Each structure stands twice: as structure tokens, then as C-alpha cells.
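Asks: Generate the whole structure from the sequences, applying the supplied hints.
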Amino acid sequence: MSRFRAHAFDWIACLFFASIPVVIFWQTATSLAEQDAASGGPLDNAAFYPRLIAALISVAVTIHGIRLLFGRVQDQSTFKAETGTRLGVFLTILFLVYLLVLPYAGFHIATPILLIMMTRALGLGLLSALAGSVVMWLGTSFVFEGLLNVVLPVGMFNITIFS
Amino acid sequence: MFDLLREGLPLFFNFQALLLTALGIVGGLVIGVLPGLGPLMGIVLLLPLAFHLPPIAAMGMLIAIYVGGSAGGSVSSILLRIPGTPLAAATLFDGYPMAQQGRAQDAVGLALTSSALGGLIAGLMLVFFSPLLAQFALRFAPPEYFAMAVLGVLTIALVSEGSALKGLLAGGLGLFLSMIGTDEFTNAYRFTFGDFRLSSGPHLVAVVVGLFALSEIFSQLEAGNYLAKPTVQRLRISFRALRLVMTHKFNLLRSSMIGTFFGAVPGAGGDVSAFISYAAAKRFARADEKYGEGAEGGVVATEAANNGCCGGALIPTLSLGIPGDASTAVLMGALILFGFFPGPDLFRDSPDVAGGIFIAYIMANIMLLVLGIILAPIFGSVLKLRKAWLLPAVLLLSTLGTYSLQNSIFDLWVMLTFGVVGYVLRRAGYPLAPLIIGMILGGIMEANLRRSLLISRDGLGIFFERPICATILAIDLFLLLSIIYSTVRSSRKGAGENEKEDPQIT
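Protein chains in written order, with the working numbering: chain A, 1 to 163; chain B, 1001 to 1506.
Hints in this document: simulated from the structure, not taken from any laboratory.
Be a bit skeptical, because a hint or two may be false.
[What the hints assert, rightly or not] Calculated cross-link-like contacts (lysine-lysine; reagent style DSBU-like; alpha-carbon spacing at most 35 angstroms): (1) K1384/B <-> K1229/B; (2) K80/A <-> K1229/B; (3) K1249/B <-> K1384/B; (4) K1384/B <-> K1282/B; (5) K80/A <-> K1384/B; (6) K1384/B <-> K1290/B.
Here the structure is a predicted model, which means the values were calculated and not measured.
Replies: Here you go:
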């Protein structure tokens, strides 16, 4: 257990890498076989190269897993929380909610709210957070919407400012 | 050589390209000055914007950020004793003592001037050697391209920071990402799980922004100190450094050459070249030069080398399609997305673009020389910028840039996913550069492997019968054995150290 704790992130990464060959072998045996692209010569076989890479990743991940299991990895990667870990998690969740809301609320509603909440959470005063967020939101909107003609998400209210 | 430059002149010398290159230098310097952000972050943040511009103007801007960002890191090394980028780590040996002696102005001036001149010397070598290398690479056929792509992934895996095995795994992930989407030979959908939005694979830029920008935001958030504001010495505009640097001309030339050489070796990087050229400068220094106590030569050596490295890294990138480091990998990705494939074909089919890129690199260094001196007074203010402003700005720019690539919110989800992946991999000590290089070279590797097998009617002999291919594959094998050797060696060390740290673990 102590070995797992000492290399927690390494174990997560190792499991992630181990899942890649699994996905490759599974998909080549199912989806690519159904599309008739998992056998034949180099021109017809879309599964040959993925299988080759999957085999190489399998070997590398097995070696790394064994090293982790027997404590042969030098650098530790514990789950230790830093000063701002909690805030980091909160802001990541906030950004995730922003992405969920963005198609419905639109860029010009969701973004200033995200920026104000973020700058406030990072310790700025209410007035400077408000003013700074509005400047950042309008400034970037002007560049992308006004100058580069990017259609920013308009949401259910169809809001655009510079186009 | 001069034909390329002549063909590139009309593409580069227009108001838009010149302005964007100048803005790229300013942006690169500002990003480089800020500790924690480097040239790669600058390129990543402005990469989506580049796709709204003509290719050469956009490449000029991105190359200028690369050049400016590599030079800007020296400023915080000198003023705060915190390297703005790993490239500038060796600069603080003499730069910071110079600042402590009240010579911050000279140190910053010398650093920026040496960077620009080092970059210019590397630029000359880039212009001279790239076409020669590309000429040689014209003999390449699919087997050689396959072997070169393998070489690119293995080299970066081997020399990236951290374990070589982890580098190899990260490269493997990049190769897997390159397979997602429609297979170009059969038109079959691979690893899309029935989602049409993955039919072209995850967008390279969304992956890059997530891996580098978002994971950096997470790391900076964890570190705290959002409102910290350092006290820095005031700088002014001064051309004295131009005179000072001329008293170190041999050091400058030697360091630029070292930087260019190490830049051209994929993966070696600017930080390695800076330390090596520092050691060389110290070895050949006059008796009265006190290295480590504020010697001007120390600053000249490290900065000329780390910017010389930029030009060096562009040599294999442009002529062989093998990126020298993560920044050039992203630059190469941008060039591919613009429809130009680096390698001998670029020089044969689009000599104007190759020439335009050379001119952009040279002009970026000339602008660095001028703008670096003129903008010196604002660096102090940049260093005072609080994280509480910087992090939301980086997040907003990442979000808007990634969205604007294809007006797709799906790309933002890809960006967030790879932000989390990048954070976990960083925490676990995985280098991220091999992932990007794997993703860029993966398509080239597969296409050329299958073409080779097609030519040889499924026989592997084609890889060993051709002398160039066999030689490159022998180097590949040597690198693979080096990775195995370094893994076995570090496993032994790991066991020893763990026993010391925790006696319960046997």
C-alpha cells in the first residue's frame, strides 16, 4: 500500500497507458473487423500498424508496471495536496460547468461570469475583479469576433457583440 | 541557398508579416520573462490564432515567439534569480551576481544582445545547412521516411527529461492519437467509437493547448502565491550592451556554434547547450574573469547558446521533418496544418515557403536585437504581473483559441481532457514532448511503413536492402537498446534509493 501511495500518479498513468493496447486490440477485433479493414495486405489492413504499436506499448507498460510493483522507480509521485490544490480542483470543476453551460448560455454570458468567479477565487478585490474580467472578456471578444470573424457560441439568446 | 532566400523575400516582406513578427518578438519576450511560461507556452497560446493568418505571416509570428521567448527567460534569471524558462537556468550564474553589483542594466542588455546575435549566427547556419541536408534527403523513399520517423520518436524519448521508458510510453500515446480517425488507405473509421466528431482525430492544437497550457494552469494554481508581486530593479533603454558584447566576440561565436549544434541534435535542447557553452567559456576565460561572480562572458555564453539552439533545432525540422524539441514539434505541426510537409519535399515543391521561413527566423533575431533594447523598461512591470490576472487570461486565450480552430465546443472538451491527462503525466514524471512528436510523426510513420510493404509486396527485406534505410534502422536499434539500458540502470538505482528512504520496503 505504501508503494502505491508513493507512486500514486505513476500508477494512474500506468493504468492509463495499459488501457491503450486494450482499446486497440478490442477495436481492431470488433469495429475494424466489421468494416473489413482488419486483415489483408498493407493497403487493406488498417489494423496492422495499430496492433504493432499496441504490442510495443504493452511491452513498455508491462516493464514499467513491474518496476513500480517492485519499487524500482526513483521519482515519487504522491497524492500530497499543495497550497492551492483545493482551489485548483474547484476551478477545474468551474471550467467543466462553464463548458456544459456554454452552448446554452452563450459566450457573452458564460465567460464574464467564469472570469469574475475565477479572479475572485484567486484573491482579487471585487471591483478590480469586475473591471479586469470585463476588460479581458470584451478585449478578447473584439479580437476574435470583431477582427477574426469567429462566430463565438451565441447560446439560446443569440447574443453577439462585435459581429 | 541564396535562391531560397530570393524566393522567400516577396512572401515575407509585406507589412502584415513584418508587423506580426515584431508582435511575436514582443509577445515572446513578455511570455519568456514570466517565470513558468516559456517559448513553448507562447507558441501554444497563439497557435490557434495563427490559422486565421497567411502561412508565412503566421509562421513568422510563431518563430518570433520561439526566438523572443527563448531570450526573455534571461530577464527574470538576472533580476529575480528565477529562470523564466529552463533555457535561462545557466544565465543566473553570472547574470544575478551582475545585478547584485548594480549592473542589472548591463546584464539584461548583454543577455538580449547575445541572444539576438547568437540567433543570427545560427540563422546563417540554418540557411547554409538545411538545403544541403534536404538535398541529401531527396534520396529518401518510404522505407527511409519510416526509419526517420521512428528515429524522431526514439530520440526524443531517450533525451527528454525523466525516464527514457516514460518518454517511450508518452511517444506511444502520441502514436495512438495519430491513428484516431479515418484511415487514409481504407477509409475505415479507427477508434472513433461511432462519434463523427472524431473522424479526423483529435485536433492537434486542442491536444497541445490542453497538454501544455491547461496542465500548466493546474500546476500554477497548486503552487499558490496568486497575489505575489516581486520587487525588481528598474531598467532603461541603453545601447551600451552592443559595445560590451563585442569584447566577447570569440565567446559569442563559439557559444552560438555550440548552441546550433546541440539544437540540431533532436532532444538535446537549449538548456544542455547553455550549460556546455558556459563550461567552455569558463575553460577559455582570461585569468581576470571571475565566472560565477558576475562575469559578462558567462551571460554571453549561455544566452548566445540557448538562442543559437533555436536555429539549430529548425535544421532537422525543416530539412528532415524531425523536430529538435517540443517547440519545433509544434511549429512543424503548424506547418503541416498549413499544408506544407517539412522535409526535402518542402525545399523542392515550396522553396518560397522554405525561404520565407529562413527570412522570418533571421528577421525575428534582428527585431529581437532592436526591440529587446527598446522594451527593456517594461520588463520590470511584466515581472510584477500577478498570477491572479495571468491565469484567467491564459485560460481565456486557450479557450478562445481552441474554439476558433473549427468553431467547435467539442475541441474544448478535447482540450480539457488533455489538460487533465497532461497534469497527471507531469505529476507522474512523464515528459510531454514525445507525446506531441509521436502525434505529429505517427501519420508519416504509418503511411510510409504501409507504402514500403506495398512496394516490397509485404516483404521486410526492403528495409535492410537499402543502405540509408538500414543505417537509420541500425541507429534506431541502438537508441532502443540505450532506452533498455537506461531503464535497467535506473531500476537498479531506484531499488537502492527506495531502500534508503524506506527500510520497510525490501
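Asks: Honestly, which of those hints from before does the structure not fit?
Replies: When the structure is compared with the hints, none of them turns out to be violated.
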